[in-house]
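Asks: Please take these sequences and the hints and turn them into a complete structure.
Number of protein chains: 2
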Amino acid sequence: MSPEEVCDSVKAKIRPSEKEMEKLKKVGDEISRRMKSVLKDHRDIEWKFLGSYARNTWLRGQEEIDVFLLFPPEMDNEELEQAGLEIGKRLLDEYEISYAEHPYVKGRVMDVEVEVVPCYRIRHAGEMKSAVDRTPLHHEYLSDRIRGLEDDVRLLKQFLRANDLYGAEHKVKGFSGYLCELLILHHNGFLPLVRDAREWKRNTVIYPCEGKTEDDTFTVVDPVDPERNVAANLSLDNLARFVELCQDFLESPSEEFFFPRRHVPDREELGRIIEDRNTAILVLEFPRPELVDDSLYPQLDRALRKITMELERHDFEVMRDSRYSTDSKCYLMWECAHSQLPSIRLHSGPPFDLHKHAIKFRKKIRYGRPFIRDGRYMVYVKRKYVRPEECIVDMALNSDLGKHVSEKIRDEFVLYSGADVSEISDIRMHLYDFLSVRA
Amino acid sequence: MSPEEVCDSVKAKIRPSEKEMEKLKKVGDEISRRMKSVLKDHRDIEWKFLGSYARNTWLRGQEEIDVFLLFPPEMDNEELEQAGLEIGKRLLDEYEISYAEHPYVKGRVMDVEVEVVPCYRIRHAGEMKSAVDRTPLHHEYLSDRIRGLEDDVRLLKQFLRANDLYGAEHKVKGFSGYLCELLILHHNGFLPLVRDAREWKRNTVIYPCEGKTEDDTFTVVDPVDPERNVAANLSLDNLARFVELCQDFLESPSEEFFFPRRHVPDREELGRIIEDRNTAILVLEFPRPELVDDSLYPQLDRALRKITMELERHDFEVMRDSRYSTDSKCYLMWECAHSQLPSIRLHSGPPFDLHKHAIKFRKKIRYGRPFIRDGRYMVYVKRKYVRPEECIVDMALNSDLGKHVSEKIRDEFVLYSGADVSEISDIRMHLYDFLSVRA
Chain A
28 MSPEEVCDSV KAKIRPSEKE MEKLKKVGDE ISRRMKSVLK DHRDIEWKFL GSYARNTWLR
88 GQEEIDVFLL FPPEMDNEEL EQAGLEIGKR LLDEYEISYA EHPYVKGRVM DVEVEVVPCY
148 RIRHAGEMKS AVDRTPLHHE YLSDRIRGLE DDVRLLKQFL RANDLYGAEH KVKGFSGYLC
208 ELLILHHNGF LPLVRDAREW KRNTVIYPCE GKTEDDTFTV VDPVDPERNV AANLSLDNLA
268 RFVELCQDFL ESPSEEFFFP RRHVPDREEL GRIIEDRNTA ILVLEFPRPE LVDDSLYPQL
328 DRALRKITME LERHDFEVMR DSRYSTDSKC YLMWECAHSQ LPSIRLHSGP PFDLHKHAIK
388 FRKKIRYGRP FIRDGRYMVY VKRKYVRPEE CIVDMALNSD LGKHVSEKIR DEFVLYSGAD
448 VSEISDIRMH LYDFLSVRA
Chain B
28 MSPEEVCDSV KAKIRPSEKE MEKLKKVGDE ISRRMKSVLK DHRDIEWKFL GSYARNTWLR
88 GQEEIDVFLL FPPEMDNEEL EQAGLEIGKR LLDEYEISYA EHPYVKGRVM DVEVEVVPCY
148 RIRHAGEMKS AVDRTPLHHE YLSDRIRGLE DDVRLLKQFL RANDLYGAEH KVKGFSGYLC
208 ELLILHHNGF LPLVRDAREW KRNTVIYPCE GKTEDDTFTV VDPVDPERNV AANLSLDNLA
268 RFVELCQDFL ESPSEEFFFP RRHVPDREEL GRIIEDRNTA ILVLEFPRPE LVDDSLYPQL
328 DRALRKITME LERHDFEVMR DSRYSTDSKC YLMWECAHSQ LPSIRLHSGP PFDLHKHAIK
388 FRKKIRYGRP FIRDGRYMVY VKRKYVRPEE CIVDMALNSD LGKHVSEKIR DEFVLYSGAD
448 VSEISDIRMH LYDFLSVRA
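Order-wise, the sequence lines are chains A and B. Residue numbering for the first sequence follows my numbering, beginning at 28 and increasing consecutively. Residue numbering for the second sequence follows my numbering, beginning at 28 and increasing consecutively.
Bear in mind the hints are in silico, worked out from the structure with no lab data behind them. Just so we're clear, the structure is a prediction, and the values are computed from it rather than from any experiment. Take the hints with a grain of salt, since some may be wrong.
One copy or two, either will do: identical chains are not told apart, so a pair holds if it fits within one copy or between any two.
[Said to hold, decoys possible] When the alpha-carbon atoms are kept at most 20 angstroms apart in a straight line, the in silico EDC-like pairs for lysine to aspartate or glutamate are as follows:
hint : residue 1 : residue 2
1    : K46       : E57
2    : K411      : D303
3    : K435      : D354
4    : K333      : D401
5    : K430      : D321
6    : K390      : E226
7    : K67       : D56
Replies: Take a look at the structure:
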């Protein structure tokens with residue numbers, strides 16, 4: 028199949044059905060009706076549909092309606108937050124409160140997910156008080172311009188979703204919805220974008236003018252706020268993976284790029300792979316702190332980095348590390364080159380002819396007797412850790428890995444190692460990718 | 028005891044006994060007598076006693092007489108060698124031929140070891156044709172000057188012998204007899220030398236003027252050949268060990284520095300030490316090529332270095348290596364940090380945005396699937412060797428380790444590893460030092 032044929036076929040599958048469209052229209056109308064009555068007492072507050080619902084760029088089955096409340100800029104913050112929550116609660120059939128820069132209400136209307144987000148009404152980015160104030164400007168910029176390209180936006184979103192690249196949040200570090208729409212708009216469609224992206228480099232500037240950055244930051248300038256890089260949260264490695272996918276897709280176009288068949292290995296298969304590698308694979312499992320992903324993942328990353336650095340410092344040679352979470356559990360994982368080290372290590376001292384230092388060094392009692400190599404004193408000392416498990420357990424129990432993470436770890440943790448890790452069914456697929464044997 | 032008392036006590040033990048002196052005098056007289064008759068047909072050849080016998084600086088029990096034949100400089104080389112051998116054979120009761128720059132005869136007269144060495148008679152080093160021609164000049168320089176310091180020369184020789192530092196040959200890389208005498212002469216005795224040596228550095232110049240070299244070469248200028256460094260064969264590490272010994276001796280003087288009690292561990296003790304370290308200790312044993320030490324050791328060193336580099340290249344982390352030989356066997360040995368490595372290793376590829384290279388890299392089929400880290404392609408590849416034994420055996424069988432060494436190894440070799448090496452009784456003491464646990 029040609030890329031065009033693949034795209035046409037995929038579009039038909041990801042475009043919301045007539046029924047879904049009608050249903051969302053109906054919910055939208057219901058929200059408008061309710062808003063009229065809810066806002067009766069708040070003459071100074073405007074409201075708007077924003078996001079993929081407003082621009083008709085949502086993916087089939089991913090219905091979600093964003094309702095923004097636009098408050099006058101002179102209103103104080105507390106008042107905004109309070110009114111925002113109150114309006115949200117009155118609008119929704121069921122709700123919960125979530126926390127971004129402001130608290131906001133998330134819930135359902137007629138069984139469709141709806142978010143009610145308060146912000147300040149501004150005319151340009153210079154007036155912005157928090158990032159969310161910019162969202163109405165984004166919509167204003169895109170709403171007319173994107174018309175006719177909605178299916179291409181969906182293609183890109185599906186392409187990214189299928190490859191774990193969709194979303195700017197910390198967990199993913201991929202492409203935001205807004206970035207998707209800007210890219211489609213700028214290239215005038217999915218395939219022109221993909222063709223262009225094959226050549227992207229780490230210092231590419233896509234928009235507003237094509238060029239290069241000095242500091243190796245891939246850049247897409249926000250048309251409503253030229254100081255801002257819309258791709259700031261996209262990690263280097265995810266940029267690289269996107270470039271790779273674009274190259275691969277055009278080389279052999281197929282729907283698998285949009286609907287991948289992921290192989291989920293069973294316990295036996297994963298166990299065999301692990302034993303075959305003869306590395307030290309370690310997974311630290313602990314209860315998930317009660318945090319949303321965007322708060323949790325930075326903390327997991329910090330804890331991971333801290334333990335990895337300690338493993339490296341003690342010569343276990345971390346080949347790769349990763350983190351993962353489910354609703355109830357967190358996982359930190361490592362693959363080390365060495366499952367066991369000598370009980371001793373070589374410790375380097377001063378040159379023999381820095382006599383004062385050399386004499387001091389020789390007088391310390393250690394495991395071995397100091398000897399001279401290449402004119403320098405050396406000695407064998409006992410290692411603190413012989414196995415990576417010892418290092419990780421010590422860190423888990425005694426090191427500050429961040430308040431929330433450390434609290435949960437001290438409640439309870441399990442450290443799996445070797446083929447035993449294949450017993451954790453939650454992370455089998457993640458481990459399979461982690462070991463990078465995905466075919 | 029004071030250093031002086033220790034030295035006096037040791038001097039009495041290492042000075043040749045009256046009986047030994049008398050015996051050597053008798054042998055010397057016998058050689059003189061024989062020489063008269065042997066040289067009847069060679070009017071143009073002079074002869075001399077040189078070395079420690081001639082200067083009365085040999086150690087008790089180390090009797091050896093050096094007889095030098097001084098040929099006229101106009102004689103051609105072949106004639107010199109032929110006449111030298113002929114005279115030697117006629118002089119000695121039993122003999123064998125050894126090879127230095129010229130072949131020479133080694134044997135016994137009245138059961139004392141005698142060497143008969145031919146050289147050219149020269150007046151100064153500028154006329155020298157081979158290094159051995161300089162030896163009579165050395166004797167000429169020292170013979171009067173060293174008088175009265177003979178016992179101090181013996182002290183230094185014994186001090187060095189006891190600590191494996193005596194001899195300039197490749198196996199030892201220590202202090203030659205001539206260097207010992209020059210040092211004693213320059214410092215006017217053993218104790219002043221030892222006091223001074225505590226402060227020596229790698230760039231020290233001892234003689235003729237005290238100073239420093241630019242290129243970190245410890246230097247003692249040859250008074251009969253100012254271009255020559257008499258300490259050229261002294262290795263940096265042996266210089267450092269000498270400095271350490273001088274510091275230690277003056278800190279706590281004792282006869283042990285001259286007559287060390289070496290602990291020879293038994294099989295059990297050595298096995299326990301090895302197991303306790305949890306390293307990979309490997310010993311390659313093979314028959315000794317028929318070579319004198321000074322030809323053998325450079326070859327052992329080259330073979331050792333070659334295998335060590337290969338072990339390093341395959342990530343086994345050589346902590347220390349060494350070589351040893353007996354009359355019939357050679358031993359190369361290593362201590363590696365890892366007795367086993369993962370079956371895979373991380374192989375680094377090009378950055379993703381060197382697109383041409385990256386695409387080529389991705390197309391190669393390997394153990395794993397390429398992935399991206401920090402913007403660069405990486406892939407797992409199978410290792411060639413998982414155990415250091417595999418690497419050493421492969422090198423032993425298939426690599427050129429030098430003609431003589433490779434020939435012998437291909438005849439027969441044994442590779443010991445782990446606690447098994449403690450079964451090789453020949454090298455137990457050497458291994459004990461090698462592991463640097465000597466108390």
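Asks: Does each hint fit the structure? Answer for all of them.
Replies: Here's how the hints hold up against the structure:
1. When the C-alpha separation of K46 and E57 is checked against a cutoff of 20 angstroms, the pair qualifies only within one copy, where the shortest distance is 17 angstroms, while the shortest distance between copies is 125 angstroms.
2. In this assembly of identical chains, K411 and D303 lie within 20 angstroms of each other by CA distance solely across copies; the values are 14 angstroms between and 28 angstroms within a copy.
3. For a Cα distance limit of 20 angstroms, the shortest separation of K435 from D354 inside one copy, 14 angstroms, qualifies, whereas the shortest one across copies, 66 angstroms, does not.
4. In this assembly of identical chains, K333 and D401 lie within 20 angstroms of each other by CA distance solely across copies; the values are 18 angstroms between and 35 angstroms within a copy.
5. When the C-alpha separation of K430 and D321 is checked against a cutoff of 20 angstroms, the pair qualifies only within one copy, where the shortest distance is 16 angstroms, while the shortest distance between copies is 66 angstroms.
6. In the homo-oligomer, the alpha carbons of K390 and E226 lie at most 20 angstroms apart only across protomers (18 angstroms), although the nearest pairing inside one protomer, at 62 angstroms, exceeds that limit.
7. In this homomeric assembly, K67 and D56 come within 20 angstroms of each other (Cα to Cα) only inside a single copy, at 17 angstroms, whereas the closest approach across copies is 134 angstroms.
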